[in-house]
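Trainee: The chain contents come next:
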Amino acid sequence: MAEKLQTPNTNPRQPRRPPEIPIASVNLDERGKVLHSLLPEVLVGFEFEILLAVDEVIVSIKPQDLPSICRIVKEDASLNLGYLRCISVVDYVEHLEVVYHLFSLKKRHKLVIKVQLPTESPHLPSIVSIWRGANWFEREGHDLFGVVFDGHPNLVPLVLYEGFKGHPGLKSFPFHDYKEW
Amino acid sequence: MHIQTNPTDEADSLDLMINMGPQHPSTHGVFRVVLWIDGERIVKSEPHIGYLHRGSEKLCEDELYSQVITLFDRLDYVSNLNCELAFCMATEKLMDLQIPDRAESIRVILCELNRIANHMLFYGAYGLDVGAMTPVLYGFRERERIQSLFESVTGARMMHNYIRIGGVKEDLPDDFGRRVAVLIEQLKKGIEECDDLLSNNEMFLARTKGIGVITGEDALDFGMTGPSLRASGVLEDVRISEPYSIYERFNFGIPVGTNGDCWDRYYVRVEEMRQSLDIIEQAIQQMESGPILANVRRITRPPKGEVYLRTESPRGDFGVYLVSDGTDKPYRVKVRAPSFANLQTLQHLLRDAYVADSVVILGSIDIVLGEVDR
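Protein chains in written order, with my numbering: chain A, 8 to 188; chain B, 403 to 776.
Hints were generated in silico from the structure; no laboratory data involved.
We treat Cβ as the ideally placed atom computed from N, Cα and C, and that holds for glycine.
Hints may contain errors.
Taking beta-carbon pairs under 8 Å as the criterion, some of the chain B residues facing chain A (in silico) [to be verified]:
| no. | residue |
| --- | --- |
| 1 | H455 |
| 2 | D623 |
| 3 | V709 |
| 4 | Y710 |
| 5 | K736 |
| 6 | F742 |
Distance ranges between label pairs, derived from CB positions [said to hold, decoys possible]:
| no. | chain 1 | residue 1 | chain 2 | residue 2 | range |
| --- | --- | --- | --- | --- | --- |
| 7 | B | E448 | A | S128 | 25 to 31 Å |
| 8 | A | P29 | B | D597 | 49 to 55 Å |
| 9 | A | E27 | B | L539 | 55 to 61 Å |
| 10 | A | P29 | B | E465 | 19 to 25 Å |
| 11 | A | E56 | B | Q687 | 33 to 39 Å |
| 12 | B | T472 | A | E27 | 28 to 34 Å |
Generate coordinates for the entire structure from the input sequences, incorporating the hints supplied.
Mentor: Written as structure tokens, this is what we have:
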């Protein structure tokens, strides 16, 4: 015990080095690589950035381009991304990110479309006219994160009750200190 | 006085608004749908969900990775193991972790058994929905056998918390081989009995054939997946289109319907149970002894990044979108629940249907509200 006490940190004034955070490795499959090479041709004329994450190809685009790009990737013969897997909203505190996961049943490749929005009054065009399945996903995103999907046919609360104050999905929404009664 | 006999405009019609749920016995949980009816026909419907919203996705952000598994149990509370599997596999994919072979086999066997248990519950409940009292007794008998096997393996009948990041909690009990062999024989017989009892019953056919038809194109547009989509003639199964775990090793069929009506949605599920048994038999044959848990730390800290993983849960495409910031808690978890997307079709299916058929149509989509509301 005494020995342990005698060997403290050699330089107590130097703060501990923060642990290094590793980054997930990218591992694209064959279909992903083909899609990756196809994208710049298909999306010519738009402002976009291609990223990679684990096994997905991500295109980061501007909010106003969303409906036209969605229509292109859905109807383009070489992409044919007809199935909207999911719409998720992620709160990164400085900005919000709306993530569209797409999949092609014929070609069996997958694409992610990302849109960054400001935290203050986030607005985004709705894509219900392209995929009817987007309807409830957008309503949920509006409920939990306050993203307003312009042009949505019926943007009323879905999972929360009418009159609920605040957006519980946001990081700023408190976890434990609310009283129910 | 002007009476409009054949209303074309929804607002002008002499319609009546009726409220189904949230405590209606055949809404399979707390679900409410408001129906605007004109005589016996449904003009418009408006589903209301959220009665069971527990904020599971938000809660995940405050739990360690190993604790999140218990929350996933409670999403689809009829096929718990499939939900656990989806989350664990998403984390493993992010960590690029290799799972021991035996653990993969155990996962597949239990998840496929869970699929049968789930479809047996559907079978029984659907019988009740159309007004047949007996099927539920047969369905629950088979489900009970599976549940008691689960109890001997995982220690719990429903909320198992058995699948872990990197493998499974513990190895199978010594008598598992004998018990599962008996179970498979019982289930084979049981599925045939169930099939004989209901599938070609004249009254059942009259209630379900040609009711609630949805085309494959529409179903895909709504994001419908799983047996409900396959009933409309679209061959899409995550086990085939994006194989995960060790499904590539097995030889099994995917039942596909032709009409996309309630009967097809029902029968695809009955047929799927037979295919699941096929997979289980092959998995047991191929199973080898070995470790059941990969070498992982007790506190999981996946690398920074994001991953989306799809699995074929009994209801369809169960997706998990996991964002990690390198800490011991997930930054964001988004669950793509198959029931949530499937339920969106209800409005489309109910249009111009009879009020009496609304329960039959709702039952055929096979929803679990725990998963819809999260």
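Trainee: Decide, hint by hint, whether the structure agrees.
Mentor: Each hint tested on the structure:
Evaluation of the H455/B hint against chain A yields a held restraint, the C-beta minimum of about 4 Å falling below 8 Å. With a cut of 8 Å, the hint placing D623/B at the interface with chain A holds, because the nearest CB-to-CB distance is about 5 Å. The interface hint given for V709/B is met, as the beta carbon of that residue sits about 5 Å from the closest beta carbon of chain A, less than 8 Å. Checking Y710/B against chain A by beta carbon gives a least distance of about 5 Å; that is within 8 Å, so the hint holds.
A hinted interface residue such as K736/B counts as satisfied when its beta carbon comes closer than 8 Å to some beta carbon of chain A; here the least separation is about 4 Å, so the hint holds. The interface hint given for F742/B holds, since its Cβ lies 6 Å from the closest Cβ of chain A, which is under the 8 Å cut-off. Separation of E448/B from S128/A is about 28 Å and conforms to the stated range, judged on CB atoms against 25 to 31 Å. Between P29/A and D597/B the CB atoms are about 52 Å apart, so this pair conforms to the stated range of 49 to 55 Å.
Judged by the Cβ atoms, the range 55 to 61 Å given for E27/A and L539/B holds: they are separated by roughly 60 Å. Between P29/A and E465/B the beta carbon distance is about 22 Å. The supplied range of 19 to 25 Å therefore holds. For E56/A and Q687/B, the Cβ-Cβ distance of about 49 Å falls outside the hinted range of 33 to 39 Å, so the restraint is violated. At roughly 30 Å, the beta carbons of T472/B and E27/A sit within the given window of 28 to 34 Å.
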